[in-house]
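S.K.: With chain A held as given, fit chain B onto it using these hints.
Sequences listed follow chains A and B, in order.
Everything in the first sequence is counted per this note's numbering, starting at 1 for the first residue and increasing by one.
Everything in the second sequence is counted per this note's numbering, starting at 1 for the first residue and increasing by one.
Hints were generated in silico from the structure; no laboratory data involved.
Keep in mind that this is a model prediction, so the values were computed, not measured.
Take the hints with a grain of salt, since some may be wrong.
Copies of the same chain are indistinguishable here, so a pair counts whether it falls within one copy or spans any two.
Straight-line distance between alpha carbons at most 30 Å, and here's what the computed BS3-like set of lysine-lysine pairs gives [to be verified]:
hint, residue 1, residue 2
1, K114, K311
2, K113, K51
3, K85, K7
4, K204, K67
5, K355, K268
6, K204, K40
7, K40, K175
8, K268, K285
9, K148, K40
10, K85, K311
11, K175, K204
12, K204, K137
13, K242, K85
14, K51, K317
15, K8, K85
16, K311, K67
17, K164, K67
18, K151, K175
19, K317, K114
20, K131, K178
21, K144, K125
22, K7, K355
23, K355, K243
24, K110, K95
25, K242, K151
26, K125, K85
Chain residues, written in single-letter form:
There are 2 protein chains.
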Amino acid sequence: MFEFRIKKLRELLVKENLDAILISSVSNISYLTGYTNFSKEEREAYLIITKKEQFIVTDGRYSGVIKRQVPHFKLLELAGENSLKNIFAKFARLKVLGIEEDEITVSEHKMLKKHFKKMKHLDIKSHRSVKTDDEIKKIEQAAKLGDKAFKYILGKIRSGISEKDLAYELESFIKKNKADLSFPPIIAFGRNSAIPHHQTGETKLDKKEGQFILLDFGVKLENYCSDMTRTIFFGSPTDKQKKIYKVILEAQQKAVDYINSAIKSGKKVKADEVDRAARDYITSKGYPVIPHSLGHGVGLQVHEHPSLSSKSRDILKTGMVFSIEPGIYLPNFGLPRFAGEAGGVRIEDLFVPGKAGLKQLTNSPKSIISI
Amino acid sequence: MFEFRIKKLRELLVKENLDAILISSVSNISYLTGYTNFSKEEREAYLIITKKEQFIVTDGRYSGVIKRQVPHFKLLELAGENSLKNIFAKFARLKVLGIEEDEITVSEHKMLKKHFKKMKHLDIKSHRSVKTDDEIKKIEQAAKLGDKAFKYILGKIRSGISEKDLAYELESFIKKNKADLSFPPIIAFGRNSAIPHHQTGETKLDKKEGQFILLDFGVKLENYCSDMTRTIFFGSPTDKQKKIYKVILEAQQKAVDYINSAIKSGKKVKADEVDRAARDYITSKGYPVIPHSLGHGVGLQVHEHPSLSSKSRDILKTGMVFSIEPGIYLPNFGLPRFAGEAGGVRIEDLFVPGKAGLKQLTNSPKSIISI
Chain A
1 MFEFRIKKLR ELLVKENLDA ILISSVSNIS YLTGYTNFSK EEREAYLIIT
51 KKEQFIVTDG RYSGVIKRQV PHFKLLELAG ENSLKNIFAK FARLKVLGIE
101 EDEITVSEHK MLKKHFKKMK HLDIKSHRSV KTDDEIKKIE QAAKLGDKAF
151 KYILGKIRSG ISEKDLAYEL ESFIKKNKAD LSFPPIIAFG RNSAIPHHQT
201 GETKLDKKEG QFILLDFGVK LENYCSDMTR TIFFGSPTDK QKKIYKVILE
251 AQQKAVDYIN SAIKSGKKVK ADEVDRAARD YITSKGYPVI PHSLGHGVGL
301 QVHEHPSLSS KSRDILKTGM VFSIEPGIYL PNFGLPRFAG EAGGVRIEDL
351 FVPGKAGLKQ LTNSPKSIIS I
Chain B
1 MFEFRIKKLR ELLVKENLDA ILISSVSNIS YLTGYTNFSK EEREAYLIIT
51 KKEQFIVTDG RYSGVIKRQV PHFKLLELAG ENSLKNIFAK FARLKVLGIE
101 EDEITVSEHK MLKKHFKKMK HLDIKSHRSV KTDDEIKKIE QAAKLGDKAF
151 KYILGKIRSG ISEKDLAYEL ESFIKKNKAD LSFPPIIAFG RNSAIPHHQT
201 GETKLDKKEG QFILLDFGVK LENYCSDMTR TIFFGSPTDK QKKIYKVILE
251 AQQKAVDYIN SAIKSGKKVK ADEVDRAARD YITSKGYPVI PHSLGHGVGL
301 QVHEHPSLSS KSRDILKTGM VFSIEPGIYL PNFGLPRFAG EAGGVRIEDL
351 FVPGKAGLKQ LTNSPKSIIS I
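Next comes chain A alone, as it looks inside the complex:
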């Protein structure tokens, strides 16, 4: 598996006339080594891949475990005289180095410049976007556990519970099932659901009729992420709330239909057009435009290539796993004609295009749920 991934990178190295590739992002290091414990907030490792060799640079906090778990990379341990500067100096013979410019900081770049004459941006985001069957299976397992977790927490929703309490129930369920969260869950009650990325807080559910409950969460299982959103109601939804819900459900279906018909007719599936299919449907119904992209790839990271947005130039291919997540958000200010409906609805599922059409990996019910 790792051999294949490194081989693909070497093909790019040859194609782009590089002497070596420097990998710095934690997700790409995980992808190429299988080791997933480096910090995402600090630089703790680099990979250097030349035409014939591959190296991992890290320090004594990790060198023992890397020796055992990542034998397919030669370890260059940072220690004493073996500073980063001195390690890079050993590679100074390399003329052109490929780097992840989306990821390398300006300070790092200045340091690298001292050792490497020429650096070139390498876009390898797309390397991970088409998943193998094994990867899809892992994401599907994560999605299935997400569905179970959704069913489980429906039973925990009651008057007086806070967003944080519900998030805790969700997290506990997922962790008891030997998995992790792919990100801190977004649990939004009532008007908080009008904030697309609401910070789960102390708001409590009360008995007011038809309160929105937006639940956006994901499971991480064997390092692969799932992502899903459901919006349900505490109390009976009003007709207006039902209408918003219906429009969102239909908007998601518009995107699905667009992809399926493109696959059938053998056309390229352009991500921006998929985004437009859902986006335009929502505005055609008189609702505000989605304030975020329609969807994103999912894999080792919960947000990765491709992007389903109006500016995307990505093509959706067989084996890519991505979300489709339209939303309508009506804050209780600015839009007097929606004054009754402070709140929002988002529905998000994961999909993977196959030869026969789009397969949905998350399978929680999408009919209106009222508790």
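M.R.: For chain B alone, coordinates are given in the frame of chain A:
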């Protein structure tokens, strides 16, 4: 509070002859706005601080909440024609822009170059390192909850429990107390304790005599982090294990003594010399050199300025909060003379220098604990 922090930044702006400062790191955005929910993995906001005005750039996922919670910044919402490019274009009159080079990526820098003629690195890490009394109080509260959590999980340690199970007990306790983890806990049993940054896993405790249990965790309370490490024993420790433990405890004390005597004599407390006091003591006893720095600042981030390492040029000042965490790690390979003691010991506490000397914020027992 925010006014004071922004004022300090404007003083730097004048001193460095800048026209504006671009703040991009999530922790500095939190520090200056009070809003803490932006993603650390994706760029979702910028602050632009000119001589007279201050702006926050973000998109529709956050604009509603920012309007309400961050009224002291003018919101520039990314939407449609109001792209990042067009927003930056409006600031093109600015001649010199201060940026966080440690944080801005090469790709972003290329984009910024199109709008700003001159950019200059701005080191504002040290702005957050001296804490106010209120900030110290918050960290102390987090540290106290950490001490309670340590006491709590001592009662959960039993034969058969796995590292992950114990981490789960720890996390549950902290979350039930309305706090969060400052990072995924490092729980290492037996030989795993020889890996300084072990990835908490499925290893189970067994009845073998004198097994090391290393617990490294932190609490986040009101956005401020604590950090602590204790190493205890499952079963009675051997004499050799006790000796390692004692050396680590003494090494920590060496660092504390060094700081206290420097404070008393009115000398500058140099971070590299503090590091050396503990480091040299460990090697003088025949043990391997600490494969990480002796300590780090703690605050909104669990790792921040200052750094207590051999290469640091930081000066430890009154009001800085930092860890002192010496460690000895003896993997079961490579060092035949330690063949009996595969495992490691680290002890970590948080300290803050005051006029009367060093105050310790974490207060869990450091005598040998055997369960």
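S.K.: Taking the hints in turn, state whether each one holds.
M.R.: Going down the list of hints, with the structure as the test:
1. Taking the closest pair of Cα atoms, K114 and K311 come within 30 Å of each other only across two copies (20 Å); inside a single copy the shortest separation is 36 Å, beyond that limit.
2. In the homo-oligomer, the alpha carbons of K113 and K51 lie at most 30 Å apart inside one protomer (21 Å), although the nearest pairing across protomers, at 33 Å, exceeds that limit.
3. In this assembly of identical chains, K85 and K7 lie within 30 Å of each other by CA distance solely inside one copy; the values are 28 Å within and 37 Å between copies.
4. In the homo-oligomer, the alpha carbons of K204 and K67 lie at most 30 Å apart only across protomers (23 Å), although the nearest pairing inside one protomer, at 50 Å, exceeds that limit.
5. Taking identical chains as interchangeable, the C-alpha atoms of K355 and K268 lie at most 30 Å apart only when both belong to the same chain, with a minimum of 13 Å there against 69 Å between chains.
6. Only between protomers do K204 and K40 lie at most 30 Å apart by alpha-carbon distance; the minimum there is 27 Å, versus 33 Å within a single protomer.
7. Taking CA atoms no more than 30 Å apart as the test, K40 paired with K175 passes in both settings, with 21 Å inside one copy and 22 Å between copies.
8. Proximity of K268 and K285 under a CA criterion of 30 Å is satisfied intra-copy only: 28 Å inside one chain copy versus 68 Å between copies.
9. Proximity of K148 to K40 under the C-alpha cut-off of 30 Å is found in both arrangements, the shortest distances being 29 Å within a copy and 28 Å between copies.
10. Taking identical chains as interchangeable, the C-alpha atoms of K85 and K311 lie at most 30 Å apart only when they sit on different chains, with a minimum of 13 Å there against 39 Å within one chain.
11. Taking identical chains as interchangeable, the C-alpha atoms of K175 and K204 lie at most 30 Å apart whether they share a chain (24 Å) or sit on different chains (17 Å).
12. Within a single copy, K204 and K137 get their C-alpha atoms only as close as 37 Å, which misses the 30 Å cut-off; across copies the closest is 28 Å, which meets it.
13. Taking CA atoms no more than 30 Å apart as the test, K242 paired with K85 passes in neither setting, with 61 Å inside one copy and 38 Å between copies.
14. Taking CA atoms no more than 30 Å apart as the test, K51 paired with K317 passes inside one copy only; the shortest distance there is 29 Å, against 49 Å between copies.
15. When the C-alpha separation of K8 and K85 is checked against a cutoff of 30 Å, the pair qualifies only within one copy, where the shortest distance is 28 Å, while the shortest distance between copies is 34 Å.
16. When the C-alpha separation of K311 and K67 is checked against a cutoff of 30 Å, the pair qualifies only between copies, where the shortest distance is 26 Å, while the shortest distance within a copy is 43 Å.
17. Taking the shortest Cα distances, K164 and K67 sit within 30 Å of each other only across copies (23 Å), while inside one copy they are farther apart (41 Å).
18. For a Cα distance limit of 30 Å, the shortest separation of K151 from K175 qualifies both inside one copy, at 15 Å, and across copies, at 22 Å.
19. Taking identical chains as interchangeable, the C-alpha atoms of K317 and K114 are never at most 30 Å apart, the minima being 40 Å within one chain and 33 Å between chains.
20. For the identical chains of this complex, K131 and K178 are intra-copy neighbours only, at 23 Å inside a copy versus 39 Å across copies, given an alpha-carbon limit of 30 Å.
21. For the homomeric pair K144 and K125, the shortest alpha-carbon distance inside one copy (26 Å) is at most 30 Å, but the shortest distance between copies (43 Å) is not.
22. In the homo-oligomer, the alpha carbons of K7 and K355 lie at most 30 Å apart inside one protomer (26 Å), although the nearest pairing across protomers, at 60 Å, exceeds that limit.
23. Proximity of K355 and K243 under a CA criterion of 30 Å is satisfied in neither setting, with 34 Å inside one chain copy and 65 Å between copies.
24. For the homomeric pair K110 and K95, the shortest alpha-carbon distances inside one copy (16 Å) and between copies (22 Å) are both at most 30 Å.
25. Taking the closest pair of Cα atoms, K242 and K151 come within 30 Å of each other only inside a single copy of the chain (21 Å); across copies the shortest separation is 50 Å, beyond that limit.
26. Taking the shortest alpha-carbon separations for K125 and K85, both the intra-copy value of 27 Å and the inter-copy value of 23 Å come in at or below 30 Å.
Checked against the numbered hints above, the structure breaks hints 13, 19 and 23 and satisfies the rest.
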